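Please put together the full structure from these sequences, using the hints given.
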Amino acid sequence: MSSLSMSQRVAVAINAQRNELWPALAGFALFFCLFSGYFMLRPIREAMGIVSGVENLQWLFTATFVVMLIAVPLFAWLSSRVPRLHFIDWVYGFFTLNLALFALLFFGADESVWLARSFYVWISVYNLFVVSVAWSLMADVFDSEQAKRLFAFIAAGASVGGLVGPALSALLVSTLGQSGLILLAAVLLAVALSLKQVLMRWREQGGAGRAGAVQAESPRRPVPGNPFSGLMRVLSSPYLFGIAGFVILLATASTFLYFEQARLVAELFPDRAAQVRVFGVIDFVVQAGALIAQLFITGRIARRLGVRVLLACVPLLVCVGFIGLALMPTFAMLAALMIVRRIGEYAFVRPGREMLFAPLDAESKYKAKNFIDTVVYRAGDAMSGWLKSLLDMLAQGAWLVALVGAASAALWGLLGWYLGGQADQRGAEQQVARASQA
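FYI, in our numbering the residues of the sequence shown are 273 to 710.
A few of these clues could be false.
Computed spacing ranges between beta-carbons, pair by pair [what the hints assert, rightly or not]:
id, residue 1, residue 2, range
1, L507, T602, 39 to 47 angstroms
2, W658, S466, 39 to 47 angstroms
3, S661, F568, 20 to 28 angstroms
4, D543, M504, 29 to 37 angstroms
5, L599, A538, 21 to 29 angstroms
6, V338, E701, 35 to 43 angstroms
7, Q477, A538, 37 to 45 angstroms
8, D633, L376, 37 to 45 angstroms
9, S466, P345, 26 to 34 angstroms
10, P355, W671, 51 to 59 angstroms
11, M600, V385, 34 to 42 angstroms
12, R572, I342, 17 to 25 angstroms
13, I564, V592, 43 to 51 angstroms
Worth flagging that the hints you see were computed from the coordinates, not collected in a lab. As the structure is a prediction and not an experimental result, all values here were calculated from the model. Beta carbons: idealized from backbone N, C-alpha and C, even for Gly.
Structural data, given as structure tokens:
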């Protein structure tokens with residue numbers, strides 16, 4: 273009885289119903305594993321970006337975009353031939369092998385500039401793919417109403433992983449070295465894969481209320497379409513096209529801040545160890561703040577005020593922050609804005625963005641979503657990276673970059689408000705349709 277009572281208390285605390293408790297915990301643990309592994313490697317990636325030269329970052333962003341253009345059609349081709357029940361097994365298995373290969377390369381040539389550049393590009397591709405696929409899984413397993421209640425808690429697993437990952441890196445790097453940390457990230461990815469089995473098993477048993485779903489949506493079938501159907505879905509749907517625009521504007525604001533951060537850190541902290549410490553401190557503060565918001569704020573805002581508030585409030589704060597940066601272009605102001613932007617993205621924008629896909633079909637959740645999360649996102653990175661370089665060439669100082677960033681953030685917020693309203697309406701229609709079938 274006491275065990276049942278404890279389960280009920282935990283379910284209430286995370287806004288889950290009793291039959292949703294273990295799937296929600298599995299989702300939390302899956303993101304914990306993914307982000308623990310990624311954040312063990314992220315400070316190394318940031319330092320390697322500086323090794324390649326801050327003035328060359330736009331080339332690394334462009335290279336990442338080109339790799340995405342090659343990888344996404346292969347990803348879509350695979351999803352058209354492998355049932356959704358086993359699709360993630362293939363994707364995560366492939367990236368586990370990649371991690372093992374990089375561990376071997378770092379063991380033999382960890383000072384190579386080209387290895388640093390390759391790792392920077394690859395870890396950017398790796399992170400977007402494994403996280404995008406994980407959120408596709410969550411949107412597949414949970415419906416729109418469940419997403420509003422549970423996605424914030426599930427996303428909190430990423431924040432806890434973001435806290436634990438840097439701590440593990442600091443504790444184990446002297447013992448395991450860079451190669452050992454990469455292998456440990458591979459082990460965590462394998463654990464995430466086992467948690468995916470738990471979630472799909474629950475979905476198949478009708479735990480998400482999809483017992484009456486059409487057979488075409490069965491996870492035992494591949495996602496319909498061809499290698500380019502994700503692109504075609506985005507171009508043919510105003511809703512998905514709007515999400516793509518939202519992601520481009522998000523990437524623009526993020527890239528402007530990222531480039532300014534890299535420039536100032538390179539100027540103020542020339543030692544690589546100091547650079548890694550600075551990035552590590554920023555990551556810790558971001559993950560701690562995001563975790564608090566995810567556990568106590570995000571879900572309540574989504575249920576009471578809707579997805580539109582989640583998607584519009586952070587761009588508004590970023591817009592104000594860019595204006596402050598134009599007036600006072602210091603590292604302290606930039607770091608504060610960077611922290612606010614990243615906490616807001618992890619705690620509000622990312623869960624809200626994933627809620628946009630919950631009412632959609634499987635092809636939109638896997639192919640269109642992956643196209644947006646990878647190609648569109650990295651296209652936004654690459655374009656805004658070159659725009660940032662162009663603005664720097666005008667030699668007008670940080671104020672011009674900040675004003676362009678403020679304008680982008682304002683548009684980002686307006687589009688988020690519109691898309692969130694559309695998602696709230698689709699979710700309500702979905703619940704009405706389900707109630708009429710009951």
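Results of checking the hints against the structure:
1. L507 / T602: 39 to 47 angstroms: 42 angstroms, holds
2. W658 / S466: 39 to 47 angstroms: Since the Cβ atoms of W658 and S466 sit about 41 angstroms apart, the hinted range of 39 to 47 angstroms holds.
3. S661 / F568: 20 to 28 angstroms: 40 angstroms, violated
4. D543 / M504: 29 to 37 angstroms: 49 angstroms, violated
5. L599 / A538: 21 to 29 angstroms: 24 angstroms, holds
6. V338 / E701: 35 to 43 angstroms: Between V338 and E701, where Cβ atoms are some 40 angstroms apart, the hint holds.
7. Q477 / A538: 37 to 45 angstroms: Because 53 angstroms falls outside the window, the suggested range is violated.
8. D633 / L376: 37 to 45 angstroms: 41 angstroms, holds
9. S466 / P345: 26 to 34 angstroms: At roughly 29 angstroms between Cβ atoms, P345 and S466 fall inside 26 to 34 angstroms, so the hint holds.
10. P355 / W671: 51 to 59 angstroms: Given a distance of about 53 angstroms, which is inside 51 to 59 angstroms, the answer is holds.
11. M600 / V385: 34 to 42 angstroms: Holds - the Cβ-Cβ distance for M600 and V385, about 35 angstroms, lies within 34 to 42 angstroms.
12. R572 / I342: 17 to 25 angstroms: Because 42 angstroms falls outside the window, the suggested range is violated.
13. I564 / V592: 43 to 51 angstroms: Violated, at about 21 angstroms.
Hints 3, 4, 7, 12 and 13 from the earlier list are contradicted by this structure; the remaining hints agree with it.
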